[in-house]
Amino acid sequence: MSIVQDVAAWIHARTGGAISAEVAAEFSLTVSKASIVMGQIHRESRFTTRIEHFCMVGENGRGRHTRRLYVDQVLPPQWRKTPVIGIAGDQVVRFASVSDAETEGGFTRVSITRCLAGQQEKHGGYHWHADTTEGASSCTDTTTP
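Going letter by letter, the sequence shown gives residues -6 to 138 in this note's numbering.
Among the hints, erroneous ones may be present.
To be verified - DEER-style ranges, computed between Cβ atoms: (1) Ala14 <-> Arg43: 14 to 22 Å; (2) Ala18 <-> Leu68: 25 to 33 Å; (3) Ile29 <-> Gly82: 38 to 46 Å; (4) Thr106 <-> Ser21: 30 to 38 Å.
Keep in mind that the hints were calculated from the coordinates and are not lab data.
All figures in this text were calculated on a predicted structure; none of them were measured in a lab.
The C-beta atom is built at its ideal place from N, Cα and C for all residues, glycine as well.
Using the sequences plus the hints, can you model the full thing?
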């Protein structure tokens, strides 16, 4: 799962919602990164959220305005990873997803997607196809006999 999904599920389980400092402490993030993740949760349509604005009064009597995020509903991600296979002559590469092909293999995600849609013939010397074989979730590099 992604950090956004994990944080949303954690906030959903809390009755009092959460502020970015609480998320940062729970998930070992900086407060800035926690605030960014909470903003992503609030913008995604698969989460039903609400925000309350309130003032935290410090020991010096001055207040700091912040927001508390509540997650009322968490839906599963709508996107699924599609295993892909690249074929260049006798060279075959498999990746668990198009994103993995980009991060692990150094290929360009947009170009692979164009190949899968039939808009482009090949990318990086490979012809790309959706891998429909069973257990195609790991990255492999093989030479066919």
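For each hint, the structure was consulted:
Under the hint 14 to 22 Å, the C-beta atoms of Ala14 and Arg43, about 19 Å apart, fit the expected range. Between Ala18 and Leu68, the C-beta spacing of about 26 Å keeps the proposed range 25 to 33 Å intact. A hinted range of 38 to 46 Å for the beta carbons of Ile29 and Gly82 is consistent with their spacing of about 44 Å. At roughly 33 Å, the beta carbons of Thr106 and Ser21 sit within the given window of 30 to 38 Å.
Of the numbered hints listed earlier, not one is contradicted by the structure.
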